[in-house]
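S.K.: Residue-level listing of the chains:
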Amino acid sequence: MGRIVSAAATSHTLGPPDGVEARAERVFDGMLAIGHHIRASRPDVLMIVTSDHLNNFRLDRQIPFAVGLSDAYTPQGDLGVPQVPFPGHREFATGLAAWAAEHEFDLVGAEGIKPDHGLGLPNAVINTDQRLPVVPVYVNSVMSPPPSCRRSFRLGQIIRDYVERGRPPGERVAIVGAGGLSHWLCVPGEGRVNADWDRRIIDRFISGRASELIALTREAILAEGGNGGLEIAAWMCMAGAVPGATGTAVYYEPMPEWWTGMGGVTMQIA
Amino acid sequence: MTAARPPLELYRLIESLAGNPGAQRQLREEPEAMFEAFALPDAHRAALRGDARAGLAAIGAHPNMQFKYLAALGRLTLKPASVKDYLERAKARHGPDR
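Protein chains in written order, with my numbering: chain G, 1 to 270; chain L, 1001 to 1098.
Heads up, some of the hints might be wrong.
[To be verified] Distance windows between CB atoms, simulated:
1) G:62 x L:1049: 27 to 33 Å
2) G:83 x L:1030: 26 to 32 Å
3) G:104 x L:1071: 24 to 30 Å
Calculated directly from the structure, the hints in this document are not laboratory data. Even for Gly, the Cβ is constructed at its ideal location relative to N, Cα and C.
Construct the complete structure from the given sequences, taking the supplied hints into account.
M.R.: If you want it as structure tokens, here you go:
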């Protein structure tokens, strides 16, 4: 059996440091600390759960949950993510899609993904030498209807089951949920940040009560976290993979200059 | 239950802009030709001729599609950032291990 050896969640964007240098530095140092935490667990496989921003998945054929199957990936380069290729893990990813299907969860296999910043940014700060095989899991919160926190949490449970019962002995797996906290993008309230909501979300994760968030409806998230806040579904997938785990708030900064709350946590794995 | 038809023609126009500086330039310089090429309905063309931000909202375009359209026009108020710059500054501050 395999084992989940580390888990974390983080925002997956950045804004320019101009005028907010100290806060920007704290945010990026937090991201780097999460990367260090993941690398220190010596994973064989890095799962990054994130959302695409209509760059690989389209509104013509809306796919809420998908796993990247490819042998390698090259970032699209948006947000200045270095376009350095990194390996995928076809055998792990294909097996996960099959395992999910056997456990009543449809996870679409996707070839030819060219990751945007949703995956490219966390990969750049975690997988610093670009040698660790990455399995992208897409929880596409921009689809309509978006993937719910409940379904995403369930996918995390299936991932854990797959790692523990479907993977080779000794395999070490890290999982990172990458998505934004509160932000309003191209909707009324654009630029708003709800720091209270962000802190409540983070508190649920670090106190081992993330499962309580499965009750969050789309409407509730839109009201308090904005349309960008739907991306916490990626965090929920990570939480489902490490149920009951407590954690540490690594960083949090409300960044209205960047139109978003920025935060990240690491989880304690027993 | 009925659902509003999404602005599919506009979405296809916006999708054509990705990684295509020529198409982005054409949208800025010859928007009517782009509207025609993608068969945008007259009401959508009219909405986009004035304040694009208001027009996109009036059309009910998906927020991420609005973002891409405004970016192509160079009308985003959110300033761009570069992860690469952050990585280089961090290397200078912390060394290569961080």
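S.K.: Can you name, in rising order, the numbers of the hints this structure does not satisfy?
M.R.: Failing hint: just 3.
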